[in-house]
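Chemist: Generate coordinates for the entire structure from the input sequences, incorporating the hints supplied.
Reading the sequence shown from the start, the letters are residues -15 to 135 in the numbering used here.
Keep in mind that the hints were calculated from the coordinates and are not lab data. Remember, it's a predicted structure, so these values are computed and weren't measured experimentally. Zero decoy hints are in this set.
SDA-like mimics (lysine to any residue), calculated; alpha carbons at most 25 Å apart, straight line:
no., residue 1, residue 2
1, K77, Q89
2, K77, G35
3, K80, E45
4, K44, I98
5, K77, Y131
FRET-style restraints, in silico, Cβ to Cβ:
no., residue 1, residue 2, range
6, E62, M37, 19 to 27 Å
7, D111, E19, 27 to 35 Å
8, D34, R90, 39 to 47 Å
9, S105, I56, 24 to 32 Å
10, N40, I126, 18 to 26 Å
11, F41, N120, 12 to 20 Å
Even glycine gets a Cβ: it sits at the ideal position worked out from N, Cα and C.
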Amino acid sequence: MCSQGIKNMIINSQSSKNVFPRKGKKMDETMLGREIEENEYGRLDTFEIDGPMRINFYTKELQALCPSVEGIQPDIYETTLSYRALTHAIESKSLKLWLVQYRNQRIFGEHLAIELHRNLSSLNGIDDVQVRLVQNIRGGIITDILYPSEI
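Modeler: What follows is the structure in structure tokens.
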């Protein structure tokens, strides 16, 4: 399904610089159907599609470290990533592994939403990206972040 039309878009969410596959790997070798090494987690794969469509990803597994608390107290988010795929779609395995890299990053949810949006919006063949983060309850408060806002 995703063999010939696959194009790789490589981004590193922490520095926004391109990251290339490890030595000896072709640029068009996707993560789908093979074992992935940890050094590949900062990469998003895309593949060609036959026309525009709206795609939504939903996960309860996104984690980042609270920047205000010493130690490793994670903020856990229910996350919806929505975009319009014009010519390319994001391969879900690469997306899941790309999100894993935030586990060790100290970042407020508001900044995380902007960073996710910026990185997904930079992919070729994709537009109209929307990010929703709902932080697990902390101190009796649920934080719901939508970027860009509808205001």
